[in-house]
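Novice: Based on the sequences and whatever the hints tell you, model everything.
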Amino acid sequence: EAGVTQSPRYAVLQEGQAVSFWCDPISGHDTLYWYQQPRDQGPQLLVYFRDEAVIDNSQLPSDRFSAVRPKGTNSTLKIQSAKQGDTATYLCASSLTGVSGNTLYFGEGSRLIVV
Amino acid sequence: AQSVTQPDARVTVSEGASLQLRCKYSYSATPYLFWYVQYPRQGLQMLLKYYSGDPVVQGVNGFEAEFSKSDSSFHLRKASVHWSDSAVYFCAVSATGGYKVVFGSGTRLLVSP
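Chains as they are written, first to last, in my numbering: chain A, 1 to 115; chain B, 1 to 113.
Warning: the hint list may mix true and false statements.
What the hints assert, rightly or not - Cut-off 30 Å, straight-line C-alpha distance, at most; resulting in silico cross-link-like pairs (DSS-like, lysine-lysine):
1. B:100 x A:78
2. B:49 x B:69
3. A:83 x B:49
4. A:71 x B:100
To be verified - From chain B, some residues computed to sit far from chain A (all C-beta separations above 10 Å):
5. 18
6. 20
7. 45
8. 113
Said to hold, decoys possible - Partial selection, computed: residues in chain B whose CB lies under 10 Å from chain A:
9. 24
10. 27
11. 94
12. 104
I should point out that these hints are in silico values taken from the structure, not numbers from a laboratory. Idealized CB from N, CA, C, for every residue including glycine.
Specialist: Pasting the structure below:
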């Protein structure tokens, strides 16, 4: 069974540029999460979906960050006008509702450096 | 809202020694509790989880954790660590029936030879 796939693995931007991160969850998983992990910190939830619906995006900086999951499978996280404070690893995770008690399966992450 | 505190940012132990990594949670009901490990340049992997039943749960690679409702804790233990256990360990909590999983700040474990 394929795991969670993320791309690109690395991105280096200048302030003001935009970037999109893509996530392919485990096949059949209905819940998808995006976390931001600054260096030497724990993952911080940005947004999560069940199927194509946003369940909670309260921690997503809505003015510059957006996330979609249009068909309830793959997802894209976009950062517009990036700032140095956005430097972090962006983690995607998926899970299957009602199975294994909210066990999350993570991708390897997309590391963003904003200079 | 649920939250997790990992009071030790770094722990160093000698190879073969025992290990305890501390985790305190905050949640009004009985939560789902997890320990995840993150090896360098890899994604997080679940070690073990607890929801109900025996308060001591066994995980992979000889890890176990003990749930204490009275202490609001879920400490991770291992009887004898190996150098390959060097990694960052995260405690996490989820509300019963909820999807939101909240992580602690992590404890970096260094196993010295």
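Novice: Say whether it holds or is violated: residue 113 (chain B) keeps its Cβ farther than 10 Å from all Cβ of chain A.
Specialist: holds, 24 Å
Novice: With d taken as the least Cβ-Cβ distance between residue 20 (chain B) and chain A, does d exceed 10 Å?
Specialist: holds, 19 Å
Novice: Are the Cα positions of residue 83 (chain A) and residue 49 (chain B) separated by 30 Å at most?
Specialist: violated, 36 Å
Novice: Let's test the interface hint: is any C-beta of chain A closer than 10 Å to that of residue 94 (chain B)?
Specialist: holds, 4 Å
Novice: Classify the hint on residue 104 (chain B) as holds or violated, based on whether any CB of chain A lies nearer than 10 Å to its CB.
Specialist: holds, 5 Å
Novice: At a threshold of 10 Å, is the proposed contact between residue 27 (chain B) and chain A supported by beta-carbon distances?
Specialist: Status violated, d = 13 Å.
Novice: Once the closest CB in chain A is found, is it more than 10 Å from residue 18 (chain B)?
Specialist: holds, 24 Å
Novice: Say whether it holds or is violated: residue 45 (chain B) keeps its Cβ farther than 10 Å from all Cβ of chain A.
Specialist: Per Cβ check, residue 45 (chain B) is inside 10 Å of chain A; nearest 7 Å; violated.
Novice: Holds or violated: are the alpha carbons of residue 100 (chain B) and residue 78 (chain A) at most 30 Å from each other?
Specialist: Satisfied, since the Cα-Cα distance of roughly 21 Å is no more than 30 Å.
Novice: Can residue 24 (chain B) be said to touch chain A, with a Cβ gap under 10 Å?
Specialist: Cβ of residue 24 (chain B) sits 14 Å from chain A, so the hint is violated.
Novice: Holds or violated: are the alpha carbons of residue 71 (chain A) and residue 100 (chain B) at most 30 Å from each other?
Specialist: Measuring from Cα to Cα gives roughly 21 Å; hence the hint holds.
Novice: Under the criterion that the straight-line Cα-Cα distance not exceed 30 Å, is the pair residue 49 (chain B), residue 69 (chain B) satisfied?
Specialist: holds, 15 Å
The structure is inconsistent with the numbered hints 3, 7, 9, 10, although it conforms to all the rest.
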